[in-house]
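Undergrad: Chains as they are written, first to last, in the numbering used here: chain E, 27 to 471; chain G, 27 to 471; chain Z, 27 to 471.
Some clues are possibly wrong.
Since the list gives no way to pick one copy over another, a pair counts as held whenever it fits inside one copy or between any two copies.
[Said to hold, decoys possible] Straight-line C-alpha distance at most 20 Å; calculated PhoX-like pairs for lysine-lysine:
| # | residue 1 | residue 2 |
| --- | --- | --- |
| 1 | K255 | K133 |
| 2 | K30 | K133 |
| 3 | K286 | K127 |
| 4 | K286 | K30 |
| 5 | K286 | K255 |
| 6 | K332 | K255 |
| 7 | K127 | K30 |
| 8 | K332 | K127 |
| 9 | K286 | K332 |
| 10 | K332 | K133 |
| 11 | K255 | K30 |
| 12 | K286 | K133 |
Treat the hints as calculated values from the structure; they're not laboratory data.
Source: prediction; values computed, not measured.
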Amino acid sequence: MRFKFPLIAISLEITMIVLFQLFVHYDTEQKPNSNKSTNVDFELYPLFQDVHVMIFVGFGFLMTFLKKYGFSSVGINLLIASLGLQWGTLVQGLLHTHGNKIHVGIKSMINADFSTATVLISFGAVLGKISPIQMLIMAIIEITVFAGNEHLVVEIFEASDVGASMTIHAFGAYFGLAVAGVLYRPGLRRGHDNEESVYHSDLFAMIGTLFLWMFWPSFNSAIADPGEKQYKAIINTYFSLAACVLAAYAFSSLVEHRGKLDMVHIQNATLAGGVAVGTCADMDINPYGSMIIGSIAGMVSVLGFKFLTPFFATTLRIQDTCGVHNLHGLPGLIGGLAGIVAVAMGASDTSTVAMQAAALGTSVGTALVGGLITGLILRIPIWGQPSDQNCYDDSVYWESPVFHHLRSSKPKSNIKEANGTKQIDPESVASSLKCLILEQFPENQ
Amino acid sequence: MRFKFPLIAISLEITMIVLFQLFVHYDTEQKPNSNKSTNVDFELYPLFQDVHVMIFVGFGFLMTFLKKYGFSSVGINLLIASLGLQWGTLVQGLLHTHGNKIHVGIKSMINADFSTATVLISFGAVLGKISPIQMLIMAIIEITVFAGNEHLVVEIFEASDVGASMTIHAFGAYFGLAVAGVLYRPGLRRGHDNEESVYHSDLFAMIGTLFLWMFWPSFNSAIADPGEKQYKAIINTYFSLAACVLAAYAFSSLVEHRGKLDMVHIQNATLAGGVAVGTCADMDINPYGSMIIGSIAGMVSVLGFKFLTPFFATTLRIQDTCGVHNLHGLPGLIGGLAGIVAVAMGASDTSTVAMQAAALGTSVGTALVGGLITGLILRIPIWGQPSDQNCYDDSVYWESPVFHHLRSSKPKSNIKEANGTKQIDPESVASSLKCLILEQFPENQ
Amino acid sequence: MRFKFPLIAISLEITMIVLFQLFVHYDTEQKPNSNKSTNVDFELYPLFQDVHVMIFVGFGFLMTFLKKYGFSSVGINLLIASLGLQWGTLVQGLLHTHGNKIHVGIKSMINADFSTATVLISFGAVLGKISPIQMLIMAIIEITVFAGNEHLVVEIFEASDVGASMTIHAFGAYFGLAVAGVLYRPGLRRGHDNEESVYHSDLFAMIGTLFLWMFWPSFNSAIADPGEKQYKAIINTYFSLAACVLAAYAFSSLVEHRGKLDMVHIQNATLAGGVAVGTCADMDINPYGSMIIGSIAGMVSVLGFKFLTPFFATTLRIQDTCGVHNLHGLPGLIGGLAGIVAVAMGASDTSTVAMQAAALGTSVGTALVGGLITGLILRIPIWGQPSDQNCYDDSVYWESPVFHHLRSSKPKSNIKEANGTKQIDPESVASSLKCLILEQFPENQ
C-alpha cells in the first residue's frame with residue numbers, strides 16, 4: 027500500500043475532476059422555467075436522503091458483523107461509494123446523453139447512488155479477501171458494465187425494473203460471485219479464525235440491517251413515475267418487507283439447531299422482501315401480492331444461507347463472505363420472475379413478458395462475464411492482496427492505537443521466588459493477561 | 027421453540043395474506059383525481075419515515091441496554107413490529123370502514139406503525155422474561171384492544187390526542203404493567219445477574235434514545251391537521267423535549283449518589299417531554315407552555331425511576347424491566363391531564379374537558395383489563411417461557427457463533443512440571459483464560 | 027456536582043421558560059394567509075430533521091471514539107444542544123427583531139440547531155477536560171457571541187455564508203481552541219492513558235461521521251434561497267464530500283507508517299469537504315469546482331492531524347482533543363477563502379470580496395476574543411473541574427452499574443496448598459481475573 031494506493035486514489039480523483047469539468051453541469055441550466063421544475067425534483071430530496079443512508083450506513087454497517095473487520099467494512103464502503111457516485115454520474119450521464127453535456131440534479135444523484143450499490147453488493151462477496159486498491163479497480167469496471175446493462179434494459183428493452191431487482195441486486199450479486207470464484211483461496215476452504223462475529227459486532231450489523239429495511243420503500247420508489255406508481259411502490263415495498271420478516275424468522279427457527287434463531291438470517295434474509303418486490307413494486311400487484319413475494323423471498327433466502335452457501339464454498343469453490351447470493355442473488359432472480367409473472371397477468375401496461383425475460387437474462391449474463399474478466403484483472407499479483415493468514419483482519423490496512431498493544435511482548439513466567447516459596451507475581455500476571463486477552467479479543471484494544 | 031414458533035409465525039402470515047386479499051386495496055383507487063390527492067399524502071412521507079425509524083431503530087435499540095439481551099431487544103422488536111403493522115392495518119381499517127374495503131396509503135401506514143408502538147412499549151415491561159411466541163400472541167391481542175379504544179376515543183368521544191399520550195403511551199405502559207404483574211416471577215425478586223448493562227450496551231441504547239428524541243416532533247405531528255395545527259405540533263414537541271432534557275439531567279444528578287448522572291435516566295427520562303406534550307401538541311399552548319409540560323415530565327420521570335420502580339417491584343410485585351411506567355405511563359398521564367387543562371383554558375375548540383377525561387379514563391382502564399386478560403393467556407405453560415435462570419439471556423432463543431465458545435470445557439490445572447520445577451503452562455493458561463473470560467463477559471464472544 | 031449542577035440547570039431552564047413566555051410566539055400568528063406560507067416552510071421540515079440528526083447523533087457519536095468517555099460525549103452533547111437551541115432561539119430572535127416578539131417556525135428551528143453547532147465544535151477541543159457545569163456556561167456565552175457575529179456578517183456586511191464555513195465552523199473551532207489554550211493542563215502534556223480509542227469505540231464514532239457526511243448537503247442548503255440556489259447547495263456539497271473522501275484516504279495512507287489508513291483521519295478529514303464548500307455552496311462554482319475545494323480540504327485536514335496537532339499540543343500549548351482545528355478550523359478558513367475567490371470570479375452577485383474578507387476576519391477574531399474571555403471565566407476553580415488524573419473518564423460524572431465492579435477488591439494470592447502440593451485455586455483466579463480485566467478494560471463492565 028505504501029505509495030500505490032494513494033497514487034491510484036489521487037489519480038482517479040484528478041481524472042474525475044477533469045471529466046466533470048468537461049461534461050457536467052447543473053440541471054437547472056437546461057430548463058427555462060427552472061423554479062418550477064426544480065420543485066418537482068426537490069420533492070424527491072427526502073427519498074434521495076433515504077437512499078443515501080442505505081448506501082453509506084446501511085451497506086456499511088451490515089458488513090461490520092466480522093469481529094476484526096469493522097473498520098474496513100464501513101471505511102472501504104465509504105471510499106468506494108464516494109468514488110462510485112462520481113464515476114456513476116459520468117458513465118450514466120454519457121450513455122444517457124450520448125456523449126453530450128450531463129445535467130446533474132437530485133434524480134441523477136439518486137441514480138449515481140444506485141450505481142454504487144452494485145459494487146457494494148459485490149464487495150460483500152469478496153469482503154475480507156481483497157485490498158482497497160482492488161476495490162477501487164472493481165468499482166470503476168463494475169459501474170461501467172452496470173451502466174451499459176442498465177441502458178440496455180431500460181432504454182432498448184424498455185423493461186420495467188423500478189426497484190432494480192435485476193439491474194442492481196441480481197447483477198451485483200452475480201458479478202461479485204464471479205469475482206469471488208476467480209479469486210478462490212484454497213487456503214481458506216476450512217474457514218478462517220477471523221471469519222466470525224462477536225456479540226457487539228452483530229449488533230453493529232443490525233444498525234445496517236434496520237436502516238436498509240426501513241428506507242427500502244424509498245429505494246424502490248425513488249425513480250418511479252410520480253403519482254400513483256410511486257405511491258404503489260412505497261406501499262408494496264412496505265408490506266413485502268413486513269411479510270418477509272415473519273417468513274425469515276419462521277424459517278430461521280425451522281432450519282436451526284433446536285429451533286433457535288440465527289443472527290445471520292435475521293441480518294440478511296429479512297431484507298430479501300425489499301429486493302424481490304423491486305421489479306414489480308410500481309405495478310398493480312395489490313398489497314397481498316407483495317406480501318406473497320416477500321414471504322417467498324424471506325423463506326428462500328434463509329434456505330440459501332443454510333444449504334446453498336456451504337455448497338457454493340465447497341463444490342463450486344466460491345467463497346461468499348456475506349452471503350450476497352442469498353440476500354441479493356436469489357431474491358433478485360425472484361424479483362425478475364415476479365416481474366415476468368406480473369406483466370403476464372396484466373399488472374403493467376408498459377412492458378412485455380419477452381422484454382422482462384430478456385432484461386433478467388442479460389443482467390445475470392453481463393454480470394457473470396463482467397465479473398469473470400474483473401476477477402482475472404484482480405488476480406494480477408500487484409494490487410497488494412492480503413495473504414490467506416491476513417484475511418478478514420483490519421490491522422493489515424489500518425493504523426490505529428487499537429492495534430499497538432498487539433505488537434507487545436509475549437508472556438513470560440509469572441512465578442517469582444520470595445523467601446524460598448514460589449508465588450505468583452501479580453504485576454507480571456497482569457501484564458501477561460493483557461497481552462493474552464489482546465491476542466484473543468483484539469476488539470477490546 | 028422447535029416447531030411451535032415457526033408454525034405460529036407462518037400461520038399468522040398466511041392469515042394476514044388471506045385477509046389482505048379480501049379487504050385491502052390501494053388508497054389511490056378510491057379517488058377520482060388520484061394525482062392531486064396522493065400529493066397531499068406524499069408530503070407526509072418524510073414524517074412517515076421518521077416514525078418508521080422511531081419504531082424500528084428507536085424502540086429496538088433503546089432496549090439493547092441489557093448486557094446479554096441485545097439480539098432479542100432489536101430482533102424481537104423487528105418481528106413484532108412487522109407482524110403488528112400488518113394486523114394494525116387490518117383492525118384499524120375494518121373499524122374505520124365498518125367492515126368494508128380498506129384503502130391503504132401513507133396515512134394508514136403511519137397509523138399502522140403507531141399501533142405497533144403500543145406493543146413495543148408493553149414489550150419493555152416484560153423484556154427478558156417472555157418468549158417470542160408470547161410476544162406474537164401479545165401483539166395480536168394488544169393491537170386489537172388498542173384499535174378498539176382508539177376508535178372509542180377518536181370517533182365516539184371525539185377527544186384530542188394528536189400525539190397519542192393517552193391512546194398509545196399510557197395505554198401501552200399500563201397494558202404492559204398488567205401483563206408483567208400477572209407474570210410476576212418471585213424467583214427474580216432479588217434481581218438477576220443478567221439484568222444489568224455493560225459500557226457499550228449503554229451506548230447502543232443511546233442510539234435508540236436519540237432517534238426517538240430527534241424524530242418525536244414527527245410522531246406528534248404526523249396525523250395532525252395539515253397547516254397551522256401540524257406546524258404547532260412540530261414546534262411544541264421540539265421545545266418540550268429540549269426543556270425535558272434539562273430537567274432530566276438536573277434531577278438525575280439531584281437524586282443520585284454524589285450528584286452523578288445515571289445512564290438509565292438519561293436514556294429514558296429525556297424522552298418524557300415528547301410523551302407528555304402529545305395530547306395537546308397541536309393546541310394553542312405556546313412554546314413556553316410546552317416547555318413547562320416537558321420540564322415537569324422530565325422531573326417526574328426521573329423521580330419515578332428512583333422511587334416508584336423499586337416500589338413496584340417489591341410491594342406491587344410488578345417487575346418493569348425497562349421502566350416503561352416512568353417513560354410512557356406517568357408522562358402519558360401528565361399528557362392526558364395537560365390536555366384536560368389546555369382544553370379547559372380554551373386552547374382547543376374541537377374537544378371538551380369531559381371528553382378528554384373520558385378518553386384518559388378509558389385508555390388506562392381498557393389497558394389494565396386487556397393486560398390482565400392477556401397476562402392470564404400468556405401464563406398457560408405452553409408458550410416456551412424461559413426459566414427464571416434463563417431470563418435476560420439471548421442464548422436461549424438465538425443461535426450464533428458467538429455463543430459456541432460458552433459451551434467449551436472448564437479450566438484445568440495450569441501448572442506443569444518441567445525439570446523438577448513447577449511452571450505455569452502458557453498454552454493452558456491461555457485456554458483457561460479464554461474460557462473464564464467468556465463465562466464472565468459473554469458479550470465478547 | 028452535588029448541588030451546583032442541578033441548581034444551575036434548573037435555574038437556566040426556568041429562565042428560558044420566563045423569557046419564552048415574554049418573547050416567543052408561533053410563526054403562524056404573524057401571517058394573514060397562514061396556510062400558504064407555512065407550506066413553504068413545511069417543505070424545509072425534512073432538511074430540518076437532517077440537520078437535527080447531525081447535531082444530536084452526528085456530533086454526539088463522532089466524539090465517542092475515546093474508550094472511557096462515550097457517555098459524556100453523547101450525553102453532554104445532548105444536554106448542551108438542548109440548552110443551546112432554546113438560548114439560540116432567543117438571542118438570534120431578539121437580534122433579528124430588535125427586541126420585539128420572536129416568531130418561531132421551521133426556519134428558526136434550523137437556525138437554533140445551527141447555533142448549537144458552534145458549541146458542539148468547541149466542545150470537541152476541550153472534550154474530557156471540563157465539567158458539565160463548565161459546558162453549560164460555555165454554551166450560554168458562545169451562542170451569544172456567535173449570534174452577534176452572525177448578525178454582523180449576514181445583516182451588516184451582507185456577506186455570503188450559506189453553509190456557515192466562517193460563522194459556525196471557523197468560529198466554533200477558534201473559540202474552542204482559545205478556551206483550550208487558557209485551560210492548558212501541563213500535567214497532560216505527555217498524553218493520558220485514557221486518551222485513546224478501543225476497537226468498538228472507533229466504530230461508534232463512525233456512526234457520527236456517516237450521519238454528518240450523509241446529511242451535510244441538507245446543512246449547507248437548509249437556509250439557502252429556495253429554488254436554484256438551494257438546489258446548487260445540495261449538488262455542490264454532495265460532490266465536494268465525495269471528492270474529499272478520496273483525498274482524505276489517499277493522504278492518510280501517504281503520511282502514515284507503511285501506507286496504512288488512520289481511523290482518526292477517516293472519522294474526521296472525510297468531512298472537511300462539507301465544511302470547506304459551505305461559504306460558496308449556493309454559488310455558481312460548478313460541480314468540478316466543489317470537487318477541487320473538497321479535495322484540498324481533505325488533504326489539508328489530514329496534514330493538519332499529522333503535523334499541526336502535535337505542534338499545537340507542544341509548542342502552542344493548546345490540547346485539541348478531537349482535532350477540531352483540522353476538521354472545522356482549517357477547512358473553515360479554506361471555505362472563507364474559497365468564498366472570496368468565488369465572489370472575485372463572479373460566481374455570486376450578492377456579495378463583494380471586501381465583505382467576504384471582513385466576514386472571515388471578524389468570525390475568527392470574535393471567536394478568539396470570545397474564547398479567551400470564556401476560558402478565563404471557566405478557570406475560576408468553582409465549576410467542578412476534573413483533576414488531571416480524572417480526565418477523559420466517564421466515571422467521574424456518571425453513575426452506572428457498569429462502574430461498580432471497578433471498586434471491587436484487588437487480587438490476592440491465587441495459589442492454595444492441598445495435600446502438600448501447590449495448586450492454582452480456580453475460584454480465586456476467576457475473581458482476580460475479573461478484577462484485573464475490569465481495571466484494564468473498563469469498557470467491558
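Undergrad: Now look at each hint and say whether the structure bears it out.
TA: Structure-based check of all given hints:
no.: 1; hint: K255 / K133; verdict: both (17 Å within a copy, 17 Å between copies)
no.: 2; hint: K30 / K133; verdict: neither (35 Å within a copy, 47 Å between copies)
no.: 3; hint: K286 / K127; verdict: neither (56 Å within a copy, 38 Å between copies)
no.: 4; hint: K286 / K30; verdict: between (47 Å within a copy, 11 Å between copies)
no.: 5; hint: K286 / K255; verdict: neither (40 Å within a copy, 48 Å between copies)
no.: 6; hint: K332 / K255; verdict: neither (36 Å within a copy, 52 Å between copies)
no.: 7; hint: K127 / K30; verdict: neither (33 Å within a copy, 61 Å between copies)
no.: 8; hint: K332 / K127; verdict: neither (49 Å within a copy, 40 Å between copies)
no.: 9; hint: K286 / K332; verdict: within (13 Å within a copy, 37 Å between copies)
no.: 10; hint: K332 / K133; verdict: neither (39 Å within a copy, 38 Å between copies)
no.: 11; hint: K255 / K30; verdict: neither (48 Å within a copy, 40 Å between copies)
no.: 12; hint: K286 / K133; verdict: neither (43 Å within a copy, 36 Å between copies)
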